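Line by line, the protein sequences give chains A and B. Quick note: the first sequence uses the numbering used here, first residue 1, plus one each step. Quick note: the second sequence uses the numbering used here, first residue 616, plus one each step.
Treat the hints with care, since some could be wrong.
As the list claims (entries may be wrong) - With a Cα cut of at most 25 angstroms, we get these calculated SDA-like pairs of lysine to any residue:
#1 K666(B) - T730(B)
#2 K83(A) - Y751(B)
#3 K380(A) - K673(B)
#4 K666(B) - K557(A)
#5 K666(B) - R378(A)
#6 K237(A) - S256(A)
#7 K373(A) - E802(B)
#8 K912(B) - A947(B)
#9 K592(A) - K437(A)
#10 K1349(B) - R1206(B)
#11 K31(A) - E1395(B)
#12 K744(B) - S78(A)
#13 K380(A) - G775(B)
#14 K22(A) - A54(A)
#15 K557(A) - E698(B)
#16 K380(A) - E802(B)
These aren't lab readings, by the way, just hints derived from the structure by calculation. Source: prediction; values computed, not measured.
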Amino acid sequence: MSTHSGCTCQTAAPISPEIMTKVDAIINRHKDQAGALMPVLQEVQEAVGYLPPAVQERIATALNIQGSEVFGVMSFYSMYTWKPKGKYVIRLCESPPCHVANAENMLHAVQQELGIGEGETTADGLFTLELTACLGVCEVAPAMQINEVVIGNLTAAKIKQTLADYRAGKVPDYKQLPYSTKDFRKYQQSPADLILLDNVGVIDPTKLEDYLAKGGYATLKKVITTMTPEAVVEEVKTSGLRGRGGAGFPTGLKWSFTRPLPTPKYVICNADEGEPGTIKDRYLMEGDPHKVLEGMAIAGFAVGASKGFIYVRGEYYLSKLRLNQAIEQARAKGYLGEKLSGTDFSFDIEVRSGFGCYICGEETALIESIEGKRGYPRMKPPFPGVAGLWHQPTIVNNVESLASVPAILEKGGTWYKALGTPDTTGTKIYQIIGHVKTPQIVEVPAGLTLRELIDTYGGGLRPGSKFKMCQTGGASAGLVTAAALDTPIDYGSMSKVGGALGSGTMLVMDESVCAVDFIRSVAQFFRHESCGQCTPCREGTPRLLETMTRICQGRGKMEDLDFMERLAGVLTDASFCPLGQTAAQPMMSALKNFRREFEEHIQEKKCRAGVCKLG
Amino acid sequence: MPKLIIDQRSIEVPAGTKVIAAAEKLGIMIPRFCYHPGLGSFGACRMCAVKFLEGPVKGIEMSCMEDARDGMVVSTTDPEAMEFRQYVIEWLMMHHPLDCPVCDEGGHCLLQDETVSGGHGRRRYLGHKRTYHDQYLGVFVQHEMNRCIHCWRCRNFYQGFAGYRDYGAMQIGNRMYFGRYEDGPLESPFAGNIIDLCPTGVLTDKPCRFVGRRWDFERAPSLCLHCSLGCNTTGSARYRQMWRQEGRFNEMVNGYFICDRGRYGFAYESHPERPRRARVAGLEVAWAEAIQTAAEKLSQIAATAGPAAVACLGSARSSLETQATLQRFCRALGWSEPRYFSVPSQERQVKAAIARLEAPLAVSLREIETADFVLVVGADPVNEAPMLALALRQAWLKGGAVAVLDPRPVFLPFEFEHLPLAPGDLEAALEALTAGAGGTDLLAGGSPWPLLPKIAALGRRLTQTQRPVIVCGTGIVRESTPGLAADLVLRLREAGLNAGLFYLLPGANAFGAGLLSPAGEGLTPLMEDLETGAVKALMVVENDPFWDYPDRGRLVRALDKLELLVALDYLPSPTVQRADIVFPTLTLFERNHSSFVNQEGRLQLAPPVHLGGMPMAQISPEKHPPRTFLSHIPGGEPRTPGEILAELAAAMPAPVTLPGDDLWDWLSRKNPVFANIVSLFESPPGARLIPEAVPAGTFSPAAAPAAAERPPDYLELLLVDLIFGTEELASYSKHIQPAEEPPRLRMHPADAAKLRLSSGDRVALRLLGGTLEVDLQVAENMAPGVLVLPRHRQLNWRLAPDYRVMVAYGDIVKVEA
Ligand SMILES: Cc1cc2nc3c(=O)[nH]c(=O)nc-3n(C[C@H](O)[C@H](O)[C@H](O)COP(=O)(O)O)c2cc1C
Ligand code: SF4
Ligand code: SF4
Ligand code: SF4
Ligand code: FES
Ligand code: FES
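Please build the complete structure, drawing on both the sequences and the hints.
Okay, structure coming up:
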């Protein structure tokens, strides 16, 4: 057990004047930007490799803030480091979707290959090994990221080969890769028309002309030259579009609250995509970045904002690159910037990056993060729509929600509403991952059943295995059993069977998975991601993990089950934000559906799946 | 006013009151950690859960997050709520060390109390406990991070309420760390409040560490005497000595908090050289003998040289009882009226201010928090009246604006507008603002004053507010400035604004001293009377001219002419050291009740904290009470000045009995404001000693606003206060001394450039009384044309004829190393 410090345990190595010159140049570039701390820290870390105390102090002085604020922010986000690391940082995913894909064995494989433990650096200074939460590439689980590059579908042999390549200097450049994982067009497609992913894999995402040739930005032009903002809001209301970030709040309604408020106002595109199992937004950003920008600009016009931010999770290097390229192109051609299409409407967009923190996907924490602070959820109300970024009215929408907007304005809300189910209109990008033959994403009108999703798009379960359960909607939602296979996947139906649509991800698990061990892995995720602001979540999530670990090790007691149920109740009722409020949901649903397995672990020291090493 | 029912009892509270606060009004203390009435709701600890049985909210909710609303029925004892809270406390205790016996918080620990009341007594968590490294946070605050329950109070106060940022939260999740970037003293002079706020033993009072459990201390409400605001405190004494001061709630004055000067300034009380015995000619003598000698010598001089040859000097730090008794004593003996200030300009400034403070104008410190615009004129809040800075910050947090007109490099912990005007220009600025508020177009005359457009803009903003407050200092301003500030307030009120006035005064009871000082021009300055030999005997009561008289040489020469110097004091001051006869007096903490009038005329009462006497530590090195039995308190000889004066009067060859009637009655016959005292014991915030008169303004015709003339090649020397090191009482405190910053002379870069000086230079200032050497700091954010020098304990600054002198360029020279 280590002893935690503020900053006193930091290693103080001398920093060369050349490095300081680099640091100063970065600071000067960002100095006058609001919320400059995060961009400065990120660029400096990229340039220097780490953020030693001398650099932190330099940044603090230059930005006129305190050292404790700089370190306070750095130490909140898992991707910052204040100790030197290897040339290649291997971040191996341990979140549930990778966990059920054997991530633990992959860890052993890497450790064996490098001869180091978690958090250590090889003697030659080449590799540092870290464990991380979901990287957002679960379709290729188990996965790791070496610096910017994703390496998925890991096997011991692949690990060996990859490390050998890196040692030999055969290092891929992420900028040259078409996608970070897979080509969407290679997936099983649905017969329905695509409205979100229509361009993905068809156009060259680095070329604005390609997007224009597909009719891109025409809707934006139509909207701002022929419609009133109120009419745009009305159209989105008519469409019935519900937010795709997980909560399903009607987008038009959200906008209508912000519309009448005084300026300045902001549009934020939530591209943090941290929910384990969620990979969809990445395909949109990598494959069709302009569609996201166009959706944001229309949203800006509708609510009266002239500035937008895209908050992209730190690990999505290619998404950031593509978005930044697209913004440059759009600015150059007048699709972003001052007085668009000769109207009075001006709109510009800035990309801001997260840095390894799940809670920053929560909209108010995200706002704090853009402001350059520790990403703590804020008290609601006031909602961001009323007082958001810099306490100004701000709408926060998911990438997929915003990418749906151009089509809605092009073809009309009524047309959109006719797609999908009355509960969940339009098309939805589903993600089918886990123990299916072909994990993938697919865009279909909302409301297909879980069985269809698994069989038609996932290619059925992997050979020789039998369906055991599915975690719906992400790490914080419930588990469903085979009984739910014929439920349509929309908000209302899913919640009736104890699941959730969430971000539209479905993690399918076969009988090789131990329900108890799976819940331990979920508990691990939440313990790692709890921001620590409120007591129940800060202390309750480790407590849950500690209890689950004991049960998995054969040291559980029957009282533990009772205890955890009550603990879950308090966690749910008492936590400050949805992270804590939902952290125990999977466990509750496992105790309901798979209680017998828990009892077997405790009373008989038996794990049916043979996963847990008991006693 | 919403009406709700909590635990079967109904209560009506103002709209916006949280349920937790409503319960407190009923005497129900809902467990809480992050919530504090002074800091508001935060919603992090989840300890305050209650069950809402009926009304707009249902089920378990946090009582600190819900506004009280009509129809709510709340149970704090519902089994579900209690179980809920039991879980929260269990979680908080999971990583908490179980070593209360060696924890300094034990006995007044909220965590202890709520663990017991929450019913958590059995440990179920079997894992490792989290541990942290502690930090050195300076001389005031001790850090023991393992005890942290992450309630956020310290950070919410330090960064949110007070606006300092060197202490805060770091790391994430359950590794969260509250501290500084690295070891080092906390930068905020309000840091001590986090000791009071921390509900556990993480942040404890360093000077008082391991001195006793709460029940070991004698505790009583007290007052801070370290500036004129009169913040309320609670004093703790043990073994015949003060150990600790905490903030005490006063809804009109300081709210919940105090500054570190007020928290740690008390140790003058146990200064090892504090006079404890009566002395004659440097030798300790029996008390009666000293009384006898003093009475004889004083009456002898009065008889031979006339009663006017005996003078008394009271002070601005004595209680009103002492100040008034001194006056009564002088009158009874037929001596001349006592003076209360050794520096005549100070007396005139104080009188100028209190003459204009009438009830409809005066605002209290807390009322400043609700102002929408505060104009601070000639004051440096953090250094002169620290808690004012926090009140201003609260106003700013609520959306109000703050502008400061002051030549010094003023720092405030929030954004404000600073116009660095020389003291002479402050008056022109006030006159211009008054004229502007009366409708004059300031810019019409085409005045060449470059700052006038800014002042005019300020004036326009001022007139657009609703509840502005003008704060006016009395330290560096001209004697007529307080009056001009009052004129501006009256003009704003004529214009329909609810404008308020707030003065700062030099001393905890300067207001009392001003009320008792003779009106008008007053007496001949004491120094002149000494020099001419008109005064042959001087009795100094709790005053030390060596501390604040600006010309040490002149003072010594004048005192040398005296035939007799009698000193009554509790400080081992230079005056006491050179006095022929010394009577030790009591501090406000000991044995007697005393009252002090703060700068807004609020009379407040300080009961004794302990009985006085020689601190045990100074008698018994083991700090253990000696096992002897005495019928008196060792070192308990000091008395109140009132008692000493009565004894002296009675011991005169022609004995005089001081009238036996009530002092307050006597005072109210002199000045009707004292009639308000009756209510003192009935109203905890204290009684206001200011006239109810409806004030009327007499405005001088608006002259063309212009900067004051300044002789070229001269700089005006300003002698100023610092948070630590310049205030008399706190400077005798061994807790404050290590926190003092080294004193520095400050000047504007333009002046430094002309004199070819730069920051860090050692500078010699040639003044009339001699040469002073001090390090220079060049500061951008101050007025050109002035030199700012702290009246610092460690500086020999008393070399000028007055608080305001001009120094020629040629007399400011660099000292070559
Ligand atoms: C812990 C937590 C994590 C979240 N992560 C994301 C995320 O990664 N992406 C996202 O779009 N929404 C996320 N959300 C939801 C957002 O708070 C917010 O509801 C959403 O961005 C609103 O956009 P929408 O209405 O378009 O869905 C998260 C919420 C919580 C509580
Ligand atoms: S902080 Fe309180 S509960 Fe903790 S050890 Fe100290 S006295 Fe005990
Ligand atoms: S140090 Fe004290 S006040 Fe600060 S968070 Fe910890 S327990 Fe709370
Ligand atoms: S502000 Fe003044 S009265 Fe208040 S605690 Fe500080 S020194 Fe004492
Ligand atoms: S990438 Fe591993 S769980 Fe998502
Ligand atoms: S006191 Fe209410 S949540 Fe902390």
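Hint check results:
no., hint, result
1, K666(B) - T730(B), "20 angstroms, holds"
2, K83(A) - Y751(B), "23 angstroms, holds"
3, K380(A) - K673(B), "18 angstroms, holds"
4, K666(B) - K557(A), "31 angstroms, violated"
5, K666(B) - R378(A), "24 angstroms, holds"
6, K237(A) - S256(A), "9 angstroms, holds"
7, K373(A) - E802(B), "21 angstroms, holds"
8, K912(B) - A947(B), "17 angstroms, holds"
9, K592(A) - K437(A), "28 angstroms, violated"
10, K1349(B) - R1206(B), "23 angstroms, holds"
11, K31(A) - E1395(B), "21 angstroms, holds"
12, K744(B) - S78(A), "22 angstroms, holds"
13, K380(A) - G775(B), "18 angstroms, holds"
14, K22(A) - A54(A), "13 angstroms, holds"
15, K557(A) - E698(B), "21 angstroms, holds"
16, K380(A) - E802(B), "32 angstroms, violated"
Taken one by one, the earlier hints fail for this structure at numbers 4, 9, 16, listed in ascending order.
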